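Student: With chain A held as given, fit chain B onto it using these hints.
Protein chains in written order, with the numbering used here: chain A, 17 to 297; chain B, -10 to 290.
Calculated from the structure, these hints are not laboratory results. Treat each hint with caution, since some may be false.
What the hints assert, rightly or not - Facing chain A, according to a computed beta carbon distance under 8 Å, are these residues of chain B, among others:
no. : residue
1   : Val5
2   : Arg49
3   : Leu54
4   : Trp104
5   : Tyr112
Claimed, not checked - Listing some non-contacts, in silico: residues in chain B with all C-beta distances to chain A over 12 Å:
no. : residue
6   : Asp45
7   : Ala64
8   : Leu131
9   : Glu151
10  : Pro154
11  : Leu205
Remember, predicted model here, so these are calculated numbers, not experimental data. Even for Gly, the Cβ is constructed at its ideal location relative to N, Cα and C.
Listed here are the chains, written in short residue letters.
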Amino acid sequence: MALFSRSPIAPLEYSRTLWMRLWVGAVMLFLYAPLIVLMIFSFNDSKRNVVWRGFTLKYYDKALNNDALIEALVNSLTIAALATIFSLILGAVAAVMLWRFRFPFKGAVDGTISLPIIVPEICMGVAFLMFFAKGLHWPTDLVWPLNLGAITIAHITFCFPFVTMVVRSRLASFNREQEEAAKDLGAGEWQMFRDVLIPHMRPALVAGALLSFTLSLDDFVITYFTSGPETITFPVKVYSMLRFSVTPEVNAASTILIILTVALTAIALKLQGVKAIAETH
Amino acid sequence: MAEQDWKANKRVFAAVSLPTLLWTLVFFVVPMAIVWFYSFGQNAGLNEIHVSGTLDNYKRATEWLYLGIFGKSFAVAALVTLICLIVGFPVAMAITFASEKWRPWLLLGIMLPFWTNLLVRTYALMILLGQQGYANKGLGALWGGASWVKTLVGLQPLPTWEPVPLLFNNFAVVFGLVYVHLPFMVLPLYAALDRLDRSLIEASLDLGAGHFRTILRIVVPLAAPGIVAGVMITLIPALGAYLTPDLMGGTDSQMIANVIERQFKKANDWPFGSALSFILIYAMFILIALQSMRRKAPEAS
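If we strip away everything but chain A, and leave its shape as in the complex, we get (with noise of 0.2 Å):
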């Protein structure tokens, strides 16, 4: 360990000096501890997260056997996925056509795209609430996934302007002399897609993928907005339960669902490097 080696501490080496270290050690238990409590307390044969009463499973058991936070759980992972694959097309395109074309009113197009980044989610969800109500009345009765429709657009329409930059940051170190090579060994425009940009774009679509997920299975207040009483998801069933009652069984699904995002994590990391997605952010 670094901490006891004896070669004398640069100037610049910040990281090396011991208050340095009490500070990042002090920032990663603030925001690690709460979420471990809560990890160990999803064990806790009590119905309160105060004291420790023994080991236990039946929590788990519980929340696996409610049938509405399952179904909870299945929406948001639907939504999330398909959320991500259109974000991903939108986001991809979208990228292209601002960093290959000039056209007129391109900045207005370009600050159109990005817009959803900065407006407040409450108004977003605001806006999607009377979209469906009063615009585009999207039927709640229709089969599964369909139903979903209404929060899925949503979803796509926050998430893909998240994509867009992050291609678009990647394609800005394409060599364009690439494309050129490509036209004159004969591609046309679909084959130079394909096999020249999308593999450069790679790892760009895979963080944006990744981010999208996240975004979307995060996401709360806009889906509590265009949510009916049919299409629940996992943070509005979570919200709906911790409102009415806190139960143990919260603490539980709420485990799973970290221990899913870290899943997602290691995967993103063993496809991409630990560095290339930290670079992405």
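Tutor: Quick look at chain B alone, frame taken from chain A:
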């Protein structure tokens, strides 16, 4: 090869532009426009809204009650941003100057909570801050220790520890928002510090400035764009925060998003809620305009 003119390759341009343009138009511009139109309307009957072009909703938003809530939301968001900046800056410095081996893992450590569900994180914090949670127990233990020290030196012991309310008040809202938004601040700060030319810091240290002075006079001015970006990225979501004040706040810690939500759910006054939403959006635009003006100013001079 520079950017291509769209007329040179109309078919490809249509293929890459139409899907997104249509989507943005139908599912973003139209919904926002509906909110904008309804903000000039009034309730007529239970489910009917009459768009009459009235400015009453905006007039009502300037009542002291709502101005107070806007002011409070700004104050809370600004305080949260300031705390995040103070807490996050040393962390970003530590990540920047960490060894090659450690840096990605530290970054991941900051990013993992950012990927974890917001509701789960808020709930986890609520467990910790509850009346009998560990935060209170820890404070109680410190209090007991202080009391013990006092008796040791022959003074009266402190009165017995009463759990302090850490939840359902303004403190909880600020604490919760800092907890949620800290990664938003650290990542852009790191991005800016990482681009910094290190020889400038070395030069400053060689010329006799202390570490603290170097950071204040060299690092901070050079990292200013990143600091501004971090401030904006933290301030904007904090200003529109809904979940944290809703779950962790008390009756007096409402922020603007909670008031907007109430107009659409309980109060059922959609036109007024629309007006408040657009005021919030305008506030964001002003903040962003201020930032871009600040960014352009040094280039001009």
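Student: Look at each hint and say if it fits the structure.
Tutor: Results for each hint:
1. Nearest Cβ of chain A to the Cβ of B/Val5: about 4 Å, under the 8 Å cut. The hint holds.
2. Using the Cβ-Cβ criterion of 8 Å, the hint placing B/Arg49 at the interface with chain A is not satisfied: the shortest such distance is roughly 17 Å.
3. Annotation: B/Leu54 was flagged as interfacial toward chain A, and the flag is violated, the nearest CB pair being 19 Å apart, outside 8 Å.
4. Hint status for B/Trp104 relative to chain A: holds, with the closest Cβ pair at about 5 Å, below 8 Å.
5. Look at B/Tyr112: its Cβ gets to within about 6 Å of chain A, closer than 8 Å, so that hint holds up.
6. Every CB of chain A is more than 12 Å from the CB of B/Asp45 (nearest about 19 Å), matching its label as outside the interface.
7. Its beta-carbon lying about 17 Å from the closest one in chain A, B/Ala64 satisfies the requirement of being farther than 12 Å from that chain.
8. A cut-off of 12 Å between C-beta atoms confirms that B/Leu131 is not in contact with chain A; the least separation is 16 Å.
9. Annotated as non-interface, B/Glu151 keeps its C-beta farther than 12 Å from every C-beta of chain A; the closest such distance is 17 Å.
10. Distance check for B/Pro154 against chain A: the nearest CB is about 16 Å away, which clears 12 Å, and the non-interface claim stands.
11. In this structure B/Leu205 is separated from chain A by more than 12 Å, as the shortest Cβ-Cβ distance comes to about 14 Å.
Checked against the numbered hints above, the structure breaks hints 2, 3 and satisfies the rest.
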